[in-house]
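Participant: If you want the building blocks of each chain, they are given just below.
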Amino acid sequence: MKAATIEKLTAVYAWTCGILLVGIVGGILGYLFYRGWPGMNLSLIFGDTSPVAAILLRQPVFNGLFPAIFGTLVLVLLSVSIAVPLGIAAGIYLAEYAGQKARHIFGMIFDILAGIPSIVIGLFGFSVAVFLHHHFSDRIQPCLLISALSLAFLVLPYLIRTTQVAIEDIPRHTRITGTALGASPLQNIIHVLIPHSLGGILSGVVLAVGRCAEDTAVIMLTGVVASAGVPRSLMGGYEALPFYIYYISAQYTNEAELTSGFSACIILILLCASLFGMAFWIRRRISARLLYRH
Amino acid sequence: MTPKISITQLTFAYGKTVVLDNLSATFDEHRITAITGPSGRGKSTFLTVLNRLWEDIAGARITGSVQIRFGNNDLDIYHPSVDVCDLRRRVGMVFQTPNPLPMSIMKNVTFPLTLAGEKGRENVHEKAKTALQAAFLWDEVKDRLGADARSLSGGQQQRLCIARALVLTPEVLLLDEPTSSLDRNAGEVIEDLLIRLKDRCTVLMVSHYQDQVQRVADRILEL
Chain A
0 MKAATIEKLT AVYAWTCGIL LVGIVGGILG YLFYRGWPGM NLSLIFGDTS
50 PVAAILLRQP VFNGLFPAIF GTLVLVLLSV SIAVPLGIAA GIYLAEYAGQ
100 KARHIFGMIF DILAGIPSIV IGLFGFSVAV FLHHHFSDRI QPCLLISALS
150 LAFLVLPYLI RTTQVAIEDI PRHTRITGTA LGASPLQNII HVLIPHSLGG
200 ILSGVVLAVG RCAEDTAVIM LTGVVASAGV PRSLMGGYEA LPFYIYYISA
250 QYTNEAELTS GFSACIILIL LCASLFGMAF WIRRRISARL LYRH
Chain B
0 MTPKISITQL TFAYGKTVVL DNLSATFDEH RITAITGPSG RGKSTFLTVL
50 NRLWEDIAGA RITGSVQIRF GNNDLDIYHP SVDVCDLRRR VGMVFQTPNP
100 LPMSIMKNVT FPLTLAGEKG RENVHEKAKT ALQAAFLWDE VKDRLGADAR
150 SLSGGQQQRL CIARALVLTP EVLLLDEPTS SLDRNAGEVI EDLLIRLKDR
200 CTVLMVSHYQ DQVQRVADRI LEL
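Taken in sequence, the protein lines are chains A and B.
Each residue of the first sequence is one higher than the one before, counting from 0 in numbering that gives the first Met the number 0.
Each residue of the second sequence is one higher than the one before, counting from 0 in numbering that gives the first Met the number 0.
Hints in this document: simulated from the structure, not taken from any laboratory.
For glycine and all other residues, C-beta sits at the position ideal for the given N, C-alpha and C.
None of the hints are false.
Computed footprint of chain A on chain B; a stretch qualifies when at least three of its residues, placed anywhere within it, have a C-beta under 8 Å from a C-beta of chain A:
# : region
1 : 42-56
2 : 93-104
3 : 160-174
Counterexamples of contact, computed for chain B against chain A with all Cβ distances above 12 Å:
# : residue
4 : ASP27
5 : SER64
6 : TYR208
Chain B extracted, bound-state conformation:
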């Protein structure tokens, strides 16, 4: 089976501090990989390597190769010809702290489609509805789509962020400790959601919770 993501001899450093040293790994399609390890080992940094989100950090540099298989083609994501905005639409990311934008619930979900130049109000709303349903949030918000997204509870906000990432139907989904700022119940809802999401995409998740890793992950990568 051809891996979805192939990383070869990856080294990442900020100034003189080497965060990831000569790392090689592969990740299969439609699997959940949990990335664990002590603090400061570069787990979050590792995720940002896969969508090049680290690039605005002054003094950071990278060597090695990262290839992601889109369709039948392996894409070297650090090749100069790669459109980084397009890459980030295909490799979605959800952060530790829910970060809804100061706009309505619906606008939050349609925001990535607006950025991508998606046309047609009905088409956009249909895609947003599908994403909200996939994130198990539709039934809770369908009657208040125009409300401020920040009025949702923490768990709902995080599911909104997942819906926002899913609306572009990414092939890879990166999650950086997605339940660490939530209570136990909200965390369990997210875990159920992640298990269902692996049918749609390849999931890489940073987590500190061993019990969560055991429940959710198909594979564990310790850094």
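Looking at chain A on its own, in the form it has when it is part of the complex:
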């Protein structure tokens, strides 16, 4: 077969795959909006409670999704806040400080960690809660903090690997710019390597946000409950959208309840999109403030 024909076939195959994937994503989103949009209204979120009173946490919401939305938001922000500093620091260690052998061993461990099913991480989190309950305090039980720690543990490998790869991909002539100007290794990391790899690091953060927002297996074992209201403490139970979607799709008794499940999916997707947007906005602000104001 001629080289030009192979070239064309490859291009056609690549285009077909791309269009197919976009079509599937579009189909899923379209179906969700088709099924869920009719159920989208303020009473789905706030029930009989006034939205202002609910948002200001003055009145509890008993028959709406607000506690689940609030719980998901708190859970994601808490998990990411724990995982991001640890993950970025570990990625920098692997890229810049670790020797060949340490890099190999740690890299292998993080790859194994990335492959552990989330239900196993959830079980581990539950076991930790039980251990602490028995040995330290009766008040410790599966709760928001245990869920956040478990989710942070779940997303750490992605953050570590994306940070490591983003830093290692910086070409040598850029990597040594700061060093040649008299930067210490730490100054070079802060002023040269991190600004250069912000895009890659942010991809890891976005991936982590998405994973924390959607994972159900971990939170089912570590603290989420069907009806807990807005989380008031790190040591208490909470509600979350993924669990609501799972629960309602498995237990619905009429069409309206199923529609509310689809509506919850739309809200979860919008919530993730908002968090992604926030991550990109923070990156732009960091770049503008630190790098482009003279």
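Could you slot chain B onto chain A? The hints should help.
Facilitator: Structure of chain B alone, referenced to chain A:
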């Protein structure tokens, strides 16, 4: 005349490959020395020996002595007491490919001053302005100092890198094929700049272009 740089019996190797073998040479102050020779003879490596930039390369090792005269004192740059960050501020380096950092034009030039802990916004900006003027770039960028440095042309980026190296007023300036990625006009501007720079510092430049070497260099060292 006491030489600015004295190199005695310098041998540099990566693993079993000897790149520089028992090299001795001296370089006078305020002169431009062009380092030439076929590819693979260690010209770029030789420059990194003078600011110890090779030290992060696994398996590399060096023997011999390198002394640089700062003021009235000869400094053995490989003595354990030498602060390598401070050395690199006094021995500036410009690379083959322009490597502006992803920050504003002004921040690129003030960056080495920030690293050195220089205080006072006005003082820092005044030094940056002087460096940009010395690199013949001030007039072209003075109205867009907050713009991304990567938006400059290749020749402007290279002059920005030279300004960035000059802002610390180094006594020695190392240039590794500074015009090889530029077009002819941009290259000529850099050559003019180098000739003027020798009043400020001692220049060592790796170059493959014989005509450029003839135009710019006071002395040629062939490796």
